[in-house]
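S.K.: Each chain, written out:
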Amino acid sequence: MLNKEQILVDKEIPLLGHVKRTGKGFYITVSILTALVLWGLYAYLTQYRIGLGVTGLSRQIFWGVYITNFVFFIGISHAGTFISAILRVVKAEWRRPISRLSELTTVFILFFGVGSVLIDLGRPDRMLYAIRYAHFRSPLLWDVCSIGTYLTVSSICLYLALIPDIALMRDIGMRKRQWFYEILSLGFTGTERQWYRLERAIMFMSIIVIPIMITVHTVVSYVFAMTIQPMWHSAIFGPYFVAGALFSGIATVITIMVIIRKAYHLEDYLKPIHFYNLGTLLLAMTLLWLYFTLGEYITTIYGNEPSQMAIFWSKITGQYAPLFWLHFVLCFVIPFPILANPKTRTIKGTLMASISINIGMWLERFVIIVPTLTKQRVPIEGAIYIPTWVEWSILLGCLSFFSLLYVLFTKFFPIVPIWEIHEGRGKSIEEVRKRIQRYLPGIDTGDDIK
Amino acid sequence: MEISRRGFLKISGLTFLGLMAKPGWEVVSQIKPIEPAPAPTYFEGKKWAMAIDLRKCWEAKEGCKECINACHRLHNVPSIGYLKEEIKWIWTIDYEKAFPEQLHDFNEEEYKGKSVVVFCNHCDDPPCIRYCPTRATWKREDGIVMMDFHRCIGCRYCMAGCPYGSRSFNWRDPRPFIKKVNLDFPTRTKGVVEKCNFCEERLVQGLLPACVEACKEKALIFGDLNDPGSEIRRALQGRHILQRQPELGTKPKVFYMV
Amino acid sequence: MYDKSKIIPGLLIFLGLVAFPILHNTVSGKAEYIPKTEIPKDKKECIESKAFIRVNHKNLLEDWKASVVRGGLRVYQATNQKKYTMSLNRTCMDCHRDRTKFCDQCHNYMGVTNKCWDCHLYPKELERR
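Residue numbers (the numbering used here), protein chains in the order written: chain A, 1 to 450; chain B, 1001 to 1258; chain C, 2001 to 2129.
These are calculated hints, taken from the structure and not from any lab test. Quick reminder that beta carbons are idealized off the backbone N, C-alpha and C, glycines included.
Which residues of chain A face chain B? A few of them, derived with a C-beta cut under 7 Å, are: (1) S58; (2) F62; (3) Y133; (4) I228.
Pairwise CB distance ranges (calculated): (5) T2113/C <-> T149/A: 30 to 38 Å; (6) E1059/B <-> T2113/C: 49 to 57 Å; (7) I2034/C <-> W39/A: 41 to 49 Å; (8) E1059/B <-> V2055/C: 53 to 61 Å; (9) D2118/C <-> L323/A: 36 to 44 Å; (10) K2044/C <-> D125/A: 35 to 43 Å; (11) W179/A <-> R1006/B: 23 to 31 Å; (12) K2124/C <-> G1045/B: 36 to 44 Å; (13) L1207/B <-> Y2109/C: 37 to 45 Å.
If you want a taste of the chain B side facing chain A, the calculated C-beta under 8 Å gives, among others: (14) E1085; (15) C1132; (16) I1153; (17) L1248.
Just need the whole structure built from these sequences, with the hints factored in.
M.R.: This is the structure:
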């Protein structure tokens, strides 16, 4: 257990700075975000009152910005699992300062993923019918189950990794909020036995969340892939969407890291090496994304099936060409040179690449969903889709609400896990040394792995 | 407050009993509602289908909309006025668009640009019913793909599943846009999906669907495919029959005779 | 007790505020209001007894909804052995032609909202259009 003196000795004070002190910037940020959230709420209430006709959706193109938001937000949620769970399982030491902020992204953004579907419903007052009269043959129900499971397991992961820090907050003494930390710390006092149990629990949850993460975005892709609409009915959608999710997720985490680093003066903890490593992963994801995208379009053009080619040409040279090529530039042409060159894989570089990728991936989801609806098997005259102020306001409202919840979280809990940093400073060096010795010939470390 | 495990179990048990007092009393003292009397369904053993004689339909005068008007008037289908929000249960499209798989460079001249009346095909293997998360749309045993407006949550997934685009969505409250309300059929609210229902409420009374009755050229034929002597079976013999996109495996039950 | 001079008046004011609606209704006579439902003059009997309908009309209509829409069965056999069509409009509203004078009287009094009228029309409404 960490006591006050130990913290001061370990110089972990910056990590608690944003919890203890509330500056002007915080109030300004919260005010602006709240205003944007209220604007988004007003837009939704207009839609609730009048009906979905206030959007740009039509009889022909009945899914648009809201479903794009749904897929995009669920995609971002894969970031947390990737960084916090997968890197934890492979024992990558550099994940320590970023594991909580990425897990937090996952948990909070899942609410908006589900929220986007609920916003899209024609009769949201009947949303619980999906549970009461559940029809399990529907991919939407598979979504409900998998996203529900993912949210539960991710929340547990987040909470478990939070417990030692809550215990720390309780021990430091935070006058007004003491009762809050006392309840949430579950009596954690940092004994040998408790640490053992906690670490086993965290490792267990980290392992089971990985297959859940893969199923979640696969099932989201099945909403489209299981229909017989041209250019949706593709087996590659499963892995394509998972790769795209990891891609946009890592990009989002990089963006959030840069903001938090600047706002909370965490330059010592979120070092250029972290951005460099995440940038390397992002580079791998860029290439993987390119592989899947090319696979999708090359097989389409080679097959030359009329209903599919109509949509293909509308994306490449037709109505949706500007958006398609813009997304390609944003997802590949801009990030790839930045990330491929180690010299530009800096904080600034990865930030530029991430912002480009985030916008590009939102457009990618849009370009997957809307062109197919524009040219369904039976073309209907005059169908164009121009999202209205309601849809943009709700997107802005969702993003603002997510940011608001994030900022409020940082007011209560340290965003960089103090116990993980402390563990890194202390035990990890010895652990890593022992680990490397196990791999080298001629040294018997007395393990049971022969 | 210290409490032993035993004490906790005792208190939980008492709380549970206390909470069950009211529901228990209600169950015991309830007047049982009378079950609807079970009766043989009128549609047992039937397989409804529609045959459209395109030649007879094309003999009608230009701009004939008898079937469309009859259906939309009977079912309180609103005329919204904006193309993007329109609701239609039955409408016409060009021959080329109705049967795209029939197109080649040497199609018959006489079919070019002719209108074909289309509506929900009430497929035998409908893709749309699989996607509904609440089973608000399902296939009845007599083959009609039903729509339950009470249960629809408006997710529009069935619209994504239908390859023919037969379904419409209520983008706003339809009531102000209904020209002449028919009391015998409910209107719908905003936020639910609707489509042709083969006039299921008329079939109960032994009537033919409204479009069939309204057609002056007698181009629409409706009947039971399982009955070898029915009019539709006789009509389908010996004519060249087209279906909309049969290669999709949906087994539509609307047959077009050219 | 501590702060007696603050607590007892506070409690009395609280009780007064809480009980005000009850007292007001009793004094002004609103408590005696009984919703006046207009019974159709020319029709003799409802499909079931008054006691049954009062308690069960919601469940009855929901059973009818399930039976007609999802089951395809439309004939209801009442306790008086007569057969009726299961339809809000054609059976119930055929006699009680105006919901504002019948259904809404009790529903508004009890604060019950139902969404049936969003879709189902009643005869008087049609005459007004």
